[in-house]
Amino acid sequence: MSATSVALDRSGAVATMRIGGDVTSASEADLMAGYTQAIDGGASAIILDFSGLEYMNSGGIGLLVTLLVRAQRGGVRLLASGLSDHYREILSLTRLDEAIEIHQDEDAAVAAVGV
Amino acid sequence: MTISEETPPQAPASRDAANWAKPVDRLSAAGLAGAGVDAVTGRRVAGPLQGFGQLWQKTFKVRLDGVDVTPQALIGSWKDQFPSFWPSSARFYAPLAGIAPGEVALLDIAPVRGSPVRLSTGVMVLYADDESFTFMTPEGHTLSAWITFSAFRDGDVTIAQAQALERTSDPLDELMYLLGGSRMNDRFWQQTLENLARHHGAAEPMVDTHVVCIDSRRQWRHAGNVRNSATLRTARHTLTAPLRWITGRR
Chain P
14 MSATSVALDR SGAVATMRIG GDVTSASEAD LMAGYTQAID GGASAIILDF SGLEYMNSGG
74 IGLLVTLLVR AQRGGVRLLA SGLSDHYREI LSLTRLDEAI EIHQDEDAAV AAVGV
Chain B
17 MTISEETPPQ APASRDAANW AKPVDRLSAA GLAGAGVDAV TGRRVAGPLQ GFGQLWQKTF
77 KVRLDGVDVT PQALIGSWKD QFPSFWPSSA RFYAPLAGIA PGEVALLDIA PVRGSPVRLS
137 TGVMVLYADD ESFTFMTPEG HTLSAWITFS AFRDGDVTIA QAQALERTSD PLDELMYLLG
197 GSRMNDRFWQ QTLENLARHH GAAEPMVDTH VVCIDSRRQW RHAGNVRNSA TLRTARHTLT
257 APLRWITGRR
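Chains as they are written, first to last, in this note's numbering: chain P, 14 to 128; chain B, 17 to 266.
Each hint should be verified, as a subset may be incorrect.
[As the list claims (entries may be wrong)] Ranges between beta-carbon positions, derived for each pair:
1) B:V227 x P:G54: 24 to 34 Å
2) P:R86 x B:G47: 18 to 28 Å
3) P:A46 x B:D202: 40 to 50 Å
4) B:A113 x P:E111: 26 to 36 Å
[Unchecked claim] Take a look, some chain P residues computed to stay more than 12 Å from chain B by CB distance:
5) R23
6) S24
7) G55
8) Q117
9) A125
10) V126
The hints are simulated quantities; they were obtained by calculation from the structure and are not laboratory data.
Beta carbons are placed, not taken as given, at the ideal position from N, Cα and C, and that holds for glycine.
Isolated chain B (complex conformation):
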């Protein structure tokens, strides 16, 4: 007698299946060396729907006129050397496995240029393919956001783009955003794109910025996000620094 085992038919895997992170309940940045404070481990991701402030779509584009680089090659180098294109006021501690779906990176940002105070936070790689990759922020980050880095052709020219869908996470972050944080954030991504374009040989890169308010309302039901605030944690960490120095603890 022959017994045949039948397995239920499985749906074919989607073409995009390998490009997305797998669902996780809590993030982990364990094993990521270099960053001073791990403000990500144990936190959930938070997207634009979980934030507090007005919802903005910010698009930054730079044309690489006269540069012979395909979108795929550009994205490849952007992923490989991501931290090197950032302005010097911030540090990006890349995942050991590189920018790949599900990986977590830590960030260390000076809230004000030249400030000794560092804002520690991170991102999860939500999506990555040959022509784009997307980061999603964790709870506590100043922005509840996705930011997608992509490259495409416009005729003979390759264009690099960073597009954020963002709202501040809590009322304190919203206040700072209105008082100049938004402009600083814009300048950050403009400088990043300029650095990327120069790296590939563009002589005088000009970044085109387009900002649209998608939702002008504030989500007061998420005002309690302030309990996870990286801004408050950083302020507390800074204020207690002398005490830690005296007691010999970091």
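Chain P extracted, bound-state conformation:
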């Protein structure tokens, strides 16, 4: 097991959370802290970049649901980028892809936000 890493980048109203390592239920504090920091900084769109994701279990996908709900409630647009085919399949399997915009990479996600 490796720890979760969450690095935050902000550019105007768009924030990118670079998520790496293992995402499990133990990642809650890291993910929620990254999200809160992005919102407090004024982000209206958040890109979750999964290029560095190494492992995710069902606890991890549960955290993504919680994050999605928080974003929907707060009127924040949530996008995903850098997903491997495997993790794309998981988002499709769990039907999370119906609620989160998926892009090939961060540049494509930024372009979709239109800033």
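With chain P fixed as given, assemble chain B onto it according to the hints.
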């Protein structure tokens, strides 16, 4: 001349790849014997985002004080004997291949204790590893949910946990949930954990319950889920039972 064939480099498989179900468009419970009604085949899975009601996270934990069992051994026996830990008001028709990613199980539940009416539905095994497994509900189930069963150590003690992320599927289910369905559901998982703990030798298991409302809004855009409702189908099946009895059809 030598011709070498080059295959494009493939990304290494993720460590969790074998633990997840493969994507399926529609579920199939074909070949699963025992259950009266297959209310799952042909349906899609539905998670918390596809449901109607308020979103709840319910966590049930039991400490196995004084019991010498590792989390892996506990989960192994939980998977192998899953139906035996359920309260007697419900039946779980386990997949032939056991609780493994992608397998489908059928359920038969009495909506009210002692009721002759049975609610037929099912689950798909979304995820399974040595320390946890997760079920996801199909369309028509009263809850659009994931429920994860796991075990972990807290110091020298093994803890068994069931954690649901759930919202009711449609307005009718939401009404029943508010009128006592939620409490019944809580009691169901508390009894399951008590049975599991007793099976492993815990003398007086105490289940700790923690309920959090993640989203208090109702998703009215999913109110139409009622068309798939297992509750309505069960009511229809029950009301037409005399007719089927007269005509000799099941």
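Hint check results:
Taking the beta carbon of each, V227 of chain B and G54 of chain P are about 32 Å apart, inside 24 to 34 Å as hinted. The hint said 18 to 28 Å for the Cβ distance between R86 of chain P and G47 of chain B, and at roughly 43 Å that hint is violated. Our hint of 40 to 50 Å for A46 of chain P and D202 of chain B is violated, since their Cβ atoms are close to 30 Å apart. Between A113 of chain B and E111 of chain P the CB atoms are about 29 Å apart, so this pair conforms to the stated range of 26 to 36 Å.
Remark: the non-interface label on R23 of chain P is consistent with the geometry, its nearest Cβ contact in chain B lying 26 Å away (cut-off 12 Å). Distance check for S24 of chain P against chain B: the nearest CB is about 28 Å away, which clears 12 Å, and the non-interface claim stands. Non-interface call for G55 of chain P relative to chain B: holds, since the shortest CB-CB distance, roughly 23 Å, exceeds 12 Å. Non-interface status of Q117 of chain P relative to chain B is upheld: no Cβ of that chain comes within 12 Å, the nearest being about 14 Å off.
The Cβ of A125 of chain P sits about 20 Å from the closest Cβ of chain B, beyond the 12 Å cut-off, so the non-interface label holds. With a cut of 12 Å on Cβ distances, V126 of chain P stays outside the contact zone with chain B, its closest approach being about 21 Å.
Hint check: violations occur at hints 2 and 3; the rest are consistent with the structure.
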